[in-house]
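Colleague: According to our numbering, the residues represented by the sequence shown are 100 to 305, in order.
Treat the hints as calculated values from the structure; they're not laboratory data.
Please note that a few of the clues may not be correct.
[What the hints assert, rightly or not] Derived pair list, reagent style DSSO-like, types lysine-lysine, alpha-carbon separation capped at 30 Å:
(1) Lys214 with Lys110
(2) Lys110 with Lys141
(3) Lys144 with Lys236
(4) Lys256 with Lys301
(5) Lys143 with Lys236
(6) Lys237 with Lys302
(7) Lys294 with Lys237
(8) Lys240 with Lys214
(9) Lys179 with Lys104
(10) Lys130 with Lys141
(11) Lys214 with Lys141
(12) Lys301 with Lys240
(13) Lys130 with Lys110
(14) Lys104 with Lys130
(15) Lys179 with Lys214
(16) Lys285 with Lys236
(17) Lys144 with Lys214
(18) Lys237 with Lys143
(19) Lys143 with Lys110
(20) Lys143 with Lys130
(21) Lys298 with Lys236
(22) Lys298 with Lys285
(23) Lys144 with Lys179
(24) Lys143 with Lys104
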Amino acid sequence: MYIEKLAANLKRQDEQPNIEVAEMLVSHEDKEGVLEIVQGLKQKKAIANDCIKVLYEVGERNPQLIADYASSFLDTLLSKNNRLVWGAMTALVMIADDKADEIFQQIDNVIYAYKNGSVITIDNSISVFAKLCRANKKYEKELFPLLIEHLSTCRPKEVAQHSERAAICITDSNRELFIETLENRKQDLTPPQTKRVDKLIKKLQA
């Protein structure tokens, strides 16, 4: 049983036990153990919070071990528990390349979390949108305008990081609009922020 090894069950306030559980699951490629942790998302808040931590730590090390649970993460995006929401979005980033179709089927959940979530949720949703744009032209047609709208209106301090996250989906057909959007935002940025954006633009034009 992995649940009993979680921080909450050990009366620990730190995340180290959860990281150790993730490392055990990965080292043994324990699919049954991963399922146990996924089921733990429906337990009381402290346990669920530990479980989502374990799952995205597993995903960081071996995305395939959590890839079958895309629907669980997508459902979790509608939770009222912010910790679960941003943890689920973090996990989705890690499996979005392989599970783009499944994620797009529930894209409304991702958009809902993007519009209502915390800073971390929004950060990771940009990566999910970009990966889906990269995966399929149909998805790009729907989601790239959302990325452009976001980069046009987000807080100045987010422009550089979020444009870097979005840049993975830039192609010959959308590059001009993307760069134009960033150029228009430069008037809002500090010199260090502008330098970071200029570096990305230069990379995209290379």
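Colleague: For each hint, tell me whether it holds in the structure or not.
Modeller: Here's how the hints hold up against the structure:
1. Lys214 with Lys110: violated (34 Å)
2. Lys110 with Lys141: Within the cut-off at roughly 19 Å; holds.
3. Lys144 with Lys236: violated (39 Å)
4. Lys256 with Lys301: holds (20 Å)
5. Lys143 with Lys236: violated (40 Å)
6. Lys237 with Lys302: Holds. Lys237 to Lys302 sits at ~26 Å (cutoff 30 Å).
7. Lys294 with Lys237: Violated: Lys294 and Lys237 sit about 33 Å apart, past 30 Å.
8. Lys240 with Lys214: holds (19 Å)
9. Lys179 with Lys104: Roughly 25 Å between the alpha carbons, so the hint for Lys179 and Lys104 holds.
10. Lys130 with Lys141: holds (18 Å)
11. Lys214 with Lys141: Distance of about 24 Å is within 30 Å: holds.
12. Lys301 with Lys240: Holds, because 25 Å separates the two Cα atoms, which is no more than 30 Å.
13. Lys130 with Lys110: holds (26 Å)
14. Lys104 with Lys130: With a Cα-Cα distance of about 17 Å, the restraint between Lys104 and Lys130 holds, given a limit of 30 Å.
15. Lys179 with Lys214: Holds. Lys179 to Lys214 sits at ~14 Å (cutoff 30 Å).
16. Lys285 with Lys236: Since the Cα atoms of Lys285 and Lys236 sit roughly 29 Å apart, the hinted pair holds (cutoff 30 Å).
17. Lys144 with Lys214: Status holds; Cα separation ~23 Å.
18. Lys237 with Lys143: It is violated: about 39 Å lies between the C-alpha atoms, which goes past 30 Å.
19. Lys143 with Lys110: holds (14 Å)
20. Lys143 with Lys130: Given that 30 Å is the threshold and the Cα spacing comes to 23 Å, the pair holds.
21. Lys298 with Lys236: Holds - the C-alpha atoms of Lys236 and Lys298 are around 27 Å apart, at most 30 Å.
22. Lys298 with Lys285: Distance ~12 Å between Lys298 and Lys285 Cα, so the pair holds.
23. Lys144 with Lys179: With a Cα-Cα distance of about 11 Å, the restraint between Lys144 and Lys179 holds, given a limit of 30 Å.
24. Lys143 with Lys104: Answer holds: Lys143 to Lys104 is near 15 Å, not above 30 Å.
Figure legend: structure checked against the earlier numbered hints; hints not met, in rising order: 1, 3, 5, 7 and 18.
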